[in-house]
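Guided by the hints, dock chain Z onto chain R, whose structure is given.
If you want the building blocks of each chain, they are given just below.
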Amino acid sequence: MDFVPGGELSRRIREGDSSAEAELVRQFEPGLRVILRRRTGGDHGLLQDLVQETLLIVLQRLRSSTLEDPARLAAFAAQTARNLAIASLRKAERQRTDVDSEATERNADPDGGTDELAADHEAALAVRALLRELPHPRDRLMLKRFYLDDDDKELICQELGLTEAAFNQALSRARRRFRRILEERGFSRRELLSVL
Amino acid sequence: MNQEMIEQYVSGRLGRQEAEAFEAYCVAHPEFARQVEFEQRLRQGIREVARGSTEEFVRSNHPHRWRIALAASLVIAATVGFYAWTRGGTVRSQSTLAAVTAGTDRSGPVMRLAMVRGAESAPVLPDGTVRVEIVGLFDTGFHYTVSLDRLERGKDVENVATLYSQHPSSPISLEVEVDGDRLRAGTYSLRVRKQGSDEEPLDFGFLKP
Numbered sequence: 000m001d002f003v004p005g006g007e008l009s010r011r012i013r014e015g016d017s018s019a020e021a022e023l024v025r026q027f028e029p030g031l032r033v034i035l036r037r038r039t040g041g042d043h044g045l046l047q048d049l050v051q052e053t054l055l056i057v058l059q060r061l062r063s064s065t066l067e068d069p070a071r072l073a074a075f076a077a078q079t080a081r082n083l084a085i086a087s088l089r090k091a092e093r094q095r096t097d098v099d100s101e102a103t104e105r106n107a108d109p110d111g112g113t114d115e116l117a118a119d120h121e122a123a124l125a126v127r128a129l130l131r132e133l134p135h136p137r138d139r140l141m142l143k144r145f146y147l148d149d150d151d152k153e154l155i156c157q158e159l160g161l162t163e164a165a166f167n168q169a170l171s172r173a174r175r176r177f178r179r180i181l182e183e184r185g186f187s188r189r190e191l192l193s194v195l
Numbered sequence: 059m060n061q062e063m064i065e066q067y068v069s070g071r072l073g074r075q076e077a078e079a080f081e082a083y084c085v086a087h088p089e090f091a092r093q094v095e096f097e098q099r100l101r102q103g104i105r106e107v108a109r110g111s112t113e114e115f116v117r118s119n120h121p122h123r124w125r126i127a128l129a130a131s132l133v134i135a136a137t138v139g140f141y142a143w144t145r146g147g148t149v150r151s152q153s154t155l156a157a158v159t160a161g162t163d164r165s166g167p168v169m170r171l172a173m174v175r176g177a178e179s180a181p182v183l184p185d186g187t188v189r190v191e192i193v194g195l196f197d198t199g200f201h202y203t204v205s206l207d208r209l210e211r212g213k214d215v216e217n218v219a220t221l222y223s224q225h226p227s228s229p230i231s232l233e234v235e236v237d238g239d240r241l242r243a244g245t246y247s248l249r250v251r252k253q254g255s256d257e258e259p260l261d262f263g264f265l266k267p
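Chains as they are written, first to last, in the numbering used here: chain R, 0 to 195; chain Z, 59 to 267.
Honestly, I wouldn't trust all of these hints.
[To be verified] Just so you have them, the derived chain Z footprint on chain R, three or more residues with Cβ under 8 angstroms: (1) 32-40; (2) 137-150.
[To be verified] Label pairs and their computed distance ranges (CB to CB): (3) Z/153 x R/127: 17 to 25 angstroms; (4) R/90 x Z/211: 56 to 64 angstroms; (5) R/10 x Z/163: 58 to 66 angstroms; (6) Z/185 x R/168: 47 to 55 angstroms; (7) Z/240 x R/132: 27 to 35 angstroms; (8) R/165 x Z/242: 37 to 45 angstroms; (9) Z/227 x R/163: 38 to 46 angstroms.
It should be emphasised that the hints constitute simulated quantities derived from the structure, not laboratory data. We put the CB at the ideal spot given by N, CA and C, even for glycine.
Next up, chain R with everything else stripped away, as it sits in the complex (with noise of 0.2 angstroms):
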């Protein structure tokens, strides 16, 4: 079930209820995940580390009551994740001029996303899985295309011979595999997704 900005949950959350909070975690970690994985290039524990810091954030403002419109909360959330995304790329980016990277590296956390990077080795093995079992070299070339090359879809359609329709219909036919590969290798869907 979704979330409704403003609504219930936001007083309760207001009035103290830690139940609440926990509803609010659980239906805004999705949406900050997909925001902040376009931000971290790949960098999970990150990833991880702007979630827990953007839910935070929104937590005490909805305890403060200092939230001017809670209707507009998600959307608070979203612009949060991403100064948040923005403010780590810059601090990174300072230190890249005062600091050895190799240093650095030795001294990252040997644990950061390392169910992430594990949820990736699965997401890469599925791939594999799905391209050997694809029917045609056509439509292993469309995703590549598609996924790999960027290329416009009306491109690849008219390049290929296909029709918009058809193009749709095996994108979505691999799109079923690819889940169903994740499936069968223990994966459910809600747990690939949400390995933070």
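What follows is chain Z alone, placed relative to chain R:
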């Protein structure tokens, strides 16, 4: 919101305002956000697989070729294994163009490629495996495709190798490894393209004597 919007967002094709509205929608709708994350994972998985080579995407299903490829792989694996065993050391990657990873030997030769206004001569690639540092402005939130092309006057550009999903080592540099011993003498170009973007690619020329 629909699959089309998800694809556009994940491939970086939405404008800034649209993307921000999309992200707020994701935060408010966790089930929808899971679909988006699924697409991000699929894309990442595909890029991960293609990091070293795109062979798996372009191979044919022809059964005989499959068997020949399998037999060839076994022969190569046995040869490489024997070589590693007899030399008692590690076996280096044999790619012409390879990603720089944490395990890359950083003590070898380095070539720096940068856009230098008014530069009269192209850099020269040393022999052996060379770490190439490409200097430019990179967006660390994106991945880049690096293509190595051979240029010859009066002929079409010949693509030697391509690496996908390369991540800049900093906002001003991206590193790759080029095996100079595997290149014929001539003029080459490294073309760096930001994935999921309409930005013009950056081209850096060099010579292989």
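Hints, verified against the model:
1. 32-40: holds (count 8)
2. 137-150: Check passed, 8 qualifying residues.
3. Z/153 x R/127: 17 to 25 angstroms: holds (19 angstroms)
4. R/90 x Z/211: 56 to 64 angstroms: Violated, since residue 90 of chain R and residue 211 of chain Z (Cβ atoms, about 48 angstroms apart) do not stay within the stated range.
5. R/10 x Z/163: 58 to 66 angstroms: Cβ of residue 10 of chain R to Cβ of residue 163 of chain Z: about 60 angstroms, so the range 58 to 66 angstroms holds.
6. Z/185 x R/168: 47 to 55 angstroms: holds (51 angstroms)
7. Z/240 x R/132: 27 to 35 angstroms: Because 33 angstroms falls inside the window, the suggested range holds.
8. R/165 x Z/242: 37 to 45 angstroms: holds (42 angstroms)
9. Z/227 x R/163: 38 to 46 angstroms: Since residue 227 of chain Z and residue 163 of chain R have Cβ atoms about 39 angstroms apart, the given range 38 to 46 angstroms holds.
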